[in-house]
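Under our numbering, the first residue of the sequence shown carries the number 1098, and numbering increases by one thereafter.
Be careful, since some hints might not be right.
[As the list claims (entries may be wrong)] The calculated DSS-like cross-link candidates involving lysine-lysine, where the alpha carbons are at most 30 Å apart (straight line), are:
1) K1188 <-> K1210
2) K1205 <-> K1242
3) K1139 <-> K1210
4) K1306 <-> K1205
5) K1283 <-> K1295
6) K1205 <-> K1139
7) K1185 <-> K1284
8) K1139 <-> K1283
9) K1306 <-> K1210
10) K1306 <-> K1139
11) K1306 <-> K1295
12) K1139 <-> K1295
13) K1205 <-> K1283
14) K1205 <-> K1284
15) K1139 <-> K1185
16) K1295 <-> K1188
17) K1242 <-> K1283
18) K1188 <-> K1306
19) K1185 <-> K1306
20) K1306 <-> K1204
21) K1188 <-> K1283
22) K1185 <-> K1205
23) K1306 <-> K1284
24) K1204 <-> K1242
25) K1295 <-> K1210
26) K1242 <-> K1284
27) K1306 <-> K1283
28) K1204 <-> K1139
29) K1185 <-> K1295
Worth flagging that the hints you see were computed from the coordinates, not collected in a lab.
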Amino acid sequence: MANLQQLDRDIKDMAQNKNLIRLAVPLQIGVQLLPTLFRDFKNLYPEIELEVVEAGGIDSLRMIENEELDLAVTNYDDSFSPNLHYRKLFKSEACFCTYPDHPLAQKKYVDTKDIANEPLVLLNGGFFVNRLIYQNFQQALTAPKVILHSSQLHTVKNLISSQIASSFLMRQAITASDNIIPLSLKKPLFINSGIVTKRGRQIYGDEQKLIEFICDNQPLG
């Protein structure tokens, strides 16, 4: 009888497990989150395999909706789809990022008109962040001077450190070793960052462990 009860518990436990979790993390959030996931989460739960893709907000939301992913840690607009469940972690600030010798680098904040003629390099795939940036320039009756869209975060940072261009990056994408100055706009640009899953889809026990871990170890917004 005891063996049957144990077998029943084992079957229920197996039903709650999902040893392979498909997860999306965008480049900028991944700067802080990915090392923690691959090191600390794997040490805690070596039996759980993570399949991580780097994808921007709109791409990852579409993949969640199509069930190509189990969950995404990403930027989002909660009006994107009623089929998705959004769990906010923090507000991300999109900052004007430039090199230390730039004439604006010592300011506490910059006005959009101050940077109207600044050459900019922007990340591809950051739909929600880039939309904020373009809307902000439009409200200031000007347009950003974008010289390059890049899919590589290190390319963006290299162009900044080489004093070729500035950029807009999320504050948590900048580390001390980058030697990059993130400045708020006079009217700061914020966007929600959080965990997104498909509404109505079962959340397995292993996925819940991952969600709780991310909530406890979230990047600094």
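>> Checking one constraint from the list: CA of K1205 to CA of K1139, max 30 Å. Satisfied?
In response: Not OK: K1205 and K1139 at ~40 Å, beyond 30 Å, violated.
> Are the Cα atoms of K1306 and K1283 separated by 30 Å or less?
Replying inline: The given pair, whose Cα atoms are some 39 Å apart, is violated under the 30 Å limit.
> Can the restraint linking K1306 and K1139 be considered satisfied, given a maximum Cα separation of 30 Å?
Replying inline: holds, 11 Å
> Does K1295 lie within 30 Å of K1185 when you go C-alpha to C-alpha?
Replying inline: holds, 15 Å
> Within 30 Å, alpha carbon to alpha carbon, are K1205 and K1283?
Replying inline: Distance ~9 Å between K1205 and K1283 Cα, so the pair holds.
>> Next pair to validate is K1306 with K1295; report whether the Cα-Cα distance is within 30 Å.
In response: Given that 30 Å is the threshold and the Cα spacing comes to 17 Å, the pair holds.
>> K1188 and K1210 were given as a pair; does the straight-line alpha-carbon distance stay at or below 30 Å?
In response: holds, 24 Å
> Keeping to a limit of 30 Å between CA atoms, is the pair of K1205 and K1242 held or broken?
Replying inline: holds, 22 Å
>> Please verify whether K1185 and K1284 have alpha carbons no more than 30 Å apart.
In response: Roughly 22 Å separates the two Cα atoms, so the pair holds.
>> Please verify whether K1188 and K1306 have alpha carbons no more than 30 Å apart.
In response: Holds, because 23 Å separates the two Cα atoms, which is no more than 30 Å.
> Given the hint that K1139 pairs with K1283, does the C-alpha gap stay at or below 30 Å?
Replying inline: violated, 41 Å
>> Need the status of pair K1306, K1284: alpha-carbon distance at most 30 Å?
In response: Measuring from Cα to Cα gives roughly 37 Å; hence the hint is violated.
Checked against the numbered hints given earlier, the structure breaks hints 3, 4, 5, 6, 8, 9, 20, 23, 25, 27 and 28 and satisfies all the rest.
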